[in-house]
Amino acid sequence: GENVEQHPSTLSVQEGDSAVIKCTYSDSASNYFPWYKQELGKRPQLIIDIRSNVGEKKDQRIAVTLNKTAKHFSLHITETQPEDSAVYFCAASGGGTALIFGKGTTLSVSS
Amino acid sequence: NAGVMQNPRHLVRRRGQEARLRCSPMKGHSHVYWYRQLPEEGLKFMVYLQKENIIDESGMPKERFSAEFPKEGPSILRIQQVVRGDSAAYFCASSPGQGSNQPQHFGDGTRLSIL
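If you're matching them up, the sequences are chains A and B in order.
Here this note's numbering is used: the first residue of the first sequence is 1, the next is one more, and so on.
Here this note's numbering is used: the first residue of the second sequence is 1001, the next is one more, and so on.
These are computed hints drawn from the structure, not numbers from a lab.
This one's a predicted model, so the numbers in the text were calculated from it and none came from an experiment.
C-beta atoms are modelled at their ideal positions from N, C-alpha and C, and glycine is treated no differently.
Incorrect hints may have been included.
[Claimed, not checked] Simulated coverage check for chain B against chain A, where a stretch passes if three residues somewhere in it have a Cβ under 8 angstroms from a Cβ of chain A: (1) 1051-1065; (2) 1104-1113.
[Said to hold, decoys possible] Quick list of in silico lysine-lysine cross-link-like pairs, DSS-like style, CA-CA up to 27 angstroms: (3) K42(A) - K1027(B); (4) K58(A) - K68(A); (5) K1027(B) - K1044(B); (6) K1044(B) - K22(A); (7) K1044(B) - K42(A).
With the rest of the complex left out, here is chain B (with noise of 0.2 angstroms):
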């Protein structure tokens, strides 16, 4: 049973350019969350999907990032014109559905690099 799924592990982007972060989560999981991680510091929560649904955005910039879970496919984080302060470690995680009841479990992340 293969775990959450995350690609690519590591990005570099050139100010300016897009990032596209991929997350597929566990087998029998419908509910995608991600995260963003500063050198050191905790998680901080980001945006929480269900398929073709946007759940929770609260905690997304309201500029330059966006997030979809299409019925078919990964999940995508997408980071328009990607600036130094985007550099951090992305996490996705997945469970089975939604409630304080159900574990997240996270992927390896996506380790993005802003040149």
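Isolated chain A (complex conformation) (with noise of 0.2 angstroms):
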């Protein structure tokens, strides 16, 4: 079945600086990579999702990249905010059913 490995498990940047957090999967056959963002004691929020057809996505200070062969995505904010603290989760599906998760990035911002 399909594996998710995720880096770094926890990041800490200043304000204003990029943070890079990177996944790989196992299974060729995925091809939807969603990202999860999780505030303490909340929901998991979906905030960028790219499909296998597609090598980069963007919507304002966050952008996701996927390499197929190399089977890794990678999520980037910019300009990083202390808002943007968080657990961060990498997910990968194919087929249409379960998402299989990495073990999340615990990023923090500080100011």
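These two chains come separately, so use the hints to put the complex back together.
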């Protein structure tokens, strides 16, 4: 089955810096890759997703890139703000059922 | 447009009791997924249901756990004879349909504590 590895597990940046979180997946049939942000005690919120027919997608300060050959995808957050502090999860799915999640990255943005 | 609704938000049970967790999907969504999250860990898939059908239960323990999504009413995740290891946050997500082009949106979760 699918396995998703996520790095780093913790990431500390200064406000205004960029943050990059990387994930690798094992199943070449996976074709959908969402990213979720989860604040403490709250629901995971979908922040951006990418499908396998696209190499990059941007939404304001957030971008996701996908390298199908290498089976990895990354989340890029530019001009980080304290409210970006949260746990970020990557996930992968193929065939349309379960999302397989990485173990999460705790991002801390200090002002 | 209400989001995914889960209740209760917090549930306390003693060992051996039963726990029932409810999930109402977003309006227009017919597909429901249940995930479990242990402290400081990612979400683990348990079961995927459509109305009156279990599509994929590969992530759900074979014993004590069951799930349903009846024609009318919310989806129910049922845990019988709970043990301490069942303590976790249980999240439900819904999507409009099957397929990798359908984003899943999550509810606020039920935090289950076993005494």
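Hint-by-hint comparison with the structure:
no., hint, in the structure
1, 1051-1065, "holds (count 4)"
2, 1104-1113, "holds (count 6)"
3, K42(A) - K1027(B), "21 angstroms, holds"
4, K58(A) - K68(A), "18 angstroms, holds"
5, K1027(B) - K1044(B), "24 angstroms, holds"
6, K1044(B) - K22(A), "19 angstroms, holds"
7, K1044(B) - K42(A), "16 angstroms, holds"
The structure meets every hint from the earlier list without exception.
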